[in-house]
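**Student:** Residue-level listing of the chains:
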Amino acid sequence: MKHGFLKYGFLVVALVAALAPVYWMFTISLKSEVDHFAFPPPWFTFTPTLEHYYDAFVTRSFGQYLITSAIVAVVSTLFALVLGTLAAYALARFRLPYDLDRRLSLWILSTRMFPAIVTAVPLFLMMRDLTLLDTKASLIIVYTSFNLPFVVWMMRGFFDEVPRDLEEAALVDGDSRLGALVRVVLPLVAPGLAATAVFCLIVSWNEFLFALVLTQTDASMTLPVGIAGRVTQYEIKWGVMSAAGAVAIVPILVFAMAMQKYLVRGLSLGAVKE
Amino acid sequence: MGIRFQNVTKAFGNTRVVNDLSLEIADGEFVVLLGPSGCGKTTTLRMLAGLEIVTTGDIYIDEERINDVQTQHRDLAMVFQSYALYPHMTIAENIAYPLRVRKLDKQERTKRVNEVARMLEIEALLDRKPRQLSGGERQRVALARAIVREPRAYLMDEPLSNLDARLRVQMRGELKRLQHQLGTTTIYVTHDQAEAMTLATRVAVMKHGRLQQFDTPLNIYNHPANRFVAEFVGSPSMNFIDGKIDGGVFVSESIRIPADREDATQLTIGIRPEHISVFTRPQNGAIPATVYVTELMGNETFVFLSVGNNRLIARAPADFRAEVESPVWLQIESDKAHFFDTQTGLSI
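Those protein sequences? They're chains A and B, same order as listed. The numbering of the first sequence is the numbering used here, which starts it at 123 and goes up by one. The numbering of the second sequence is the numbering used here, which starts it at 12 and goes up by one.
Since the hints were derived computationally from the structure, they do not count as laboratory data. For clarity, every value in this text was computed on a predicted model and none was experimentally measured. Keep in mind that a hint or two might mislead.
Claimed, not checked - Computed from the model, here is a short list of chain B residues facing chain A with C-beta under 8 Å:
#1 F23
#2 V28
#3 N30
#4 G39
#5 I64
#6 T82
#7 Q83
#8 A88
#9 G184
#10 K187
#11 F331
What the hints assert, rightly or not - Computed from the model, here is a short list of chain B residues facing chain A with C-beta under 7 Å:
#12 L62
#13 V65
#14 T66
#15 F91
#16 S93
#17 A95
#18 Y97
#19 F251
#20 K255
Claimed, not checked - Per the computed footprint, the stretches of chain A lying under chain B, defined by three or more beta-carbons under 8 Å from a beta-carbon of chain B, are:
#21 134-145
#22 297-304
Beta carbons: idealized from backbone N, C-alpha and C, even for Gly.
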């Protein structure tokens, strides 16, 4: 009994700590502006209103930001997964001369070792010269390149777990290297792929710094930049920001829940006799 | 299909795993590559499959040089030691995989899968996943996946080594029947000399990457090319005694065996355990010995003997009884003896 109390006690504390800001944001998005600043705050008893949602998504361009965010996040995640998975497979399976497979892996990882802000100015100048400023393409390129090292390292670990015999069997059975990868290896690393995809999507969806530096126009702005833009010299639009924030959570939440069954599924069970 | 290895060498760094191997396998043969672990037999098989790159030399299938042909275009089928079943596919999908890759239509695929499943008696398993199968069942599935199409040759890498003893003997027999039925060239790798003897039309014995002898099982057993082959094939192993030949008699300490040979100062005689008869009473011309230990096998008894500093093993009938350290007398069938050069180990 005592044990159970402790266990649930900790769970409740952790849950409250994690969910309190979300609850706060969600209630703010539904409260009228007067209630925002009431003290003590009306925790549960207030008249809900959708005016901030209307303001954000109809009057202002948050709908546009949402679409931009979705396109940038999904496309960059797809690119990073495809490129990173192929690179990781090559690094996991082929021995390159001069120990290159190991060195390349480290070089790839090293691109994550400096603070992102260091590359902000160079990237801005590059995108300006390529006339890609204020385009979704610029963000897709940048996010893809930032997610790549992560994908390569994650997937490499998963590929290492898959017995080589399986691909060799597929090759002898008459499949091509790529066919063996797609039909035999990828299904076995699907849980890893799902976890990696969730992470990439979250990073791209929430990214703020580069979106701020590289995009200025309504048509190219992502949700995080759009939300932050409501903090202005004259006012802070808590309601609009909260409404947009509440909506921003939903896609990631749905995606992560959809991926959950892959995340927990066992890896290559029964592949080879232990 | 005929397969030919011509001066094939495989080196990993400075280590030559397979060294100057030349081997010609005729169409329809069942060739067993036999040797202890690390002798290069698996590497040889993998080179044939295209899973390892040949360092020097050439491999031909039907006179077509296949060194640079990619694995998937070699049209071979392989059974792996680990079985390498695809864990995410059902048994039916596993077996159909080689057909699916070759773009056979679904109807034909199902038909062929059902055929081999019936042949190997695994019809009931078709909807299961590999992890739900026992070792013996997985082995059958791996076999089914290999024979579902008609490849140029079957390659088998210790396919029975993960099975328990009883199942191993059973599957051994079935493999032999299957190959007889299909008549497809088969290359089979094993370190188990019993498998080699029972399955092969010809056995290639390897050691340290070098081919020691390539001959029929009977010739390997009766006429081993060197001491290694003589020792590796046969259970219990052949007895070896170092000695000399003096006036038509092999002499080593108290052992004297008539030998129709020229005098030699140093050579090794090899005698199989079944060519030594053990008697508990003195016999005319028999060699006195002491029982070290006896092992009753059920149908026969292995008698471990001391003759001076020499240790010998003899096969005796199951009813043979002798106490440890008791005196016995040996008769050796001298005409069945093998002679080896003590230095080189070569048969002489």
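**Student:** Does each hint hold? Answer for all of them.
**Tutor:** Consistency of the hints with the structure:
Taking 8 Å as the C-beta contact cut-off toward chain A, the hint placing F23/B at the interface is violated, the least distance being around 11 Å. Hint status for V28/B relative to chain A: violated, with the closest Cβ pair at about 16 Å, above 8 Å. Among the interface hints, the one on N30/B is violated; its C-beta lies about 22 Å from the nearest C-beta in chain A, farther than the 8 Å criterion. Interface restraint check: G39/B against chain A, minimum CB-CB distance 20 Å, threshold 8 Å, status violated.
For I64/B, the interface hint is violated, the least distance from its beta-carbon to any beta-carbon of chain A being 11 Å, above 8 Å. Because the closest C-beta pair between T82/B and chain A is about 4 Å apart, less than 8 Å, the hint holds. For Q83/B, the shortest C-beta to C-beta distance to chain A is roughly 5 Å, which falls under 8 Å, so the interface hint holds. Because the closest C-beta pair between A88/B and chain A is about 7 Å apart, less than 8 Å, the hint holds.
About 21 Å separates the beta-carbon of G184/B from the nearest beta-carbon of chain A, more than 8 Å, and the hint is not met. For K187/B, the shortest C-beta to C-beta distance to chain A is roughly 22 Å, which exceeds 8 Å, and the interface hint is violated. With a least beta-carbon distance of about 40 Å to chain A, the hint placing F331/B at the interface is violated under the 8 Å criterion. Interface restraint check: L62/B against chain A, minimum CB-CB distance 5 Å, threshold 7 Å, status holds.
Hint on V65/B is violated. Least Cβ distance to chain A is approximately 16 Å, over the 7 Å limit. Hint status for T66/B relative to chain A: violated, with the closest Cβ pair at about 15 Å, above 7 Å. About 5 Å separates the beta-carbon of F91/B from the nearest beta-carbon of chain A, less than 7 Å, and the hint is met. With a least beta-carbon distance of about 4 Å to chain A, the hint placing S93/B at the interface is held under the 7 Å criterion.
Because the beta carbon of A95/B sits about 4 Å from the nearest beta carbon in chain A, less than 7 Å, this interface hint is met. Hint on Y97/B holds. Least Cβ distance to chain A is approximately 6 Å, under the 7 Å limit. The interface hint given for F251/B is broken, as the beta carbon of that residue sits about 37 Å from the closest beta carbon of chain A, more than 7 Å. Interface restraint check: K255/B against chain A, minimum CB-CB distance 51 Å, threshold 7 Å, status violated.
Here the region 134-145 of chain A counts 0 residues with a CB under 8 Å from a CB of chain B, which misses the bar of 3, and the coverage is violated. By the rule of at least three residues with a Cβ nearer than 8 Å to a Cβ of chain B, the coverage given for the region 297-304 of chain A holds, with 3 such residues.
Hint compliance for this structure: hints 1, 2, 3, 4, 5, 9, 10, 11, 13, 14, 19, 20 and 21 are broken, all remaining hints hold.
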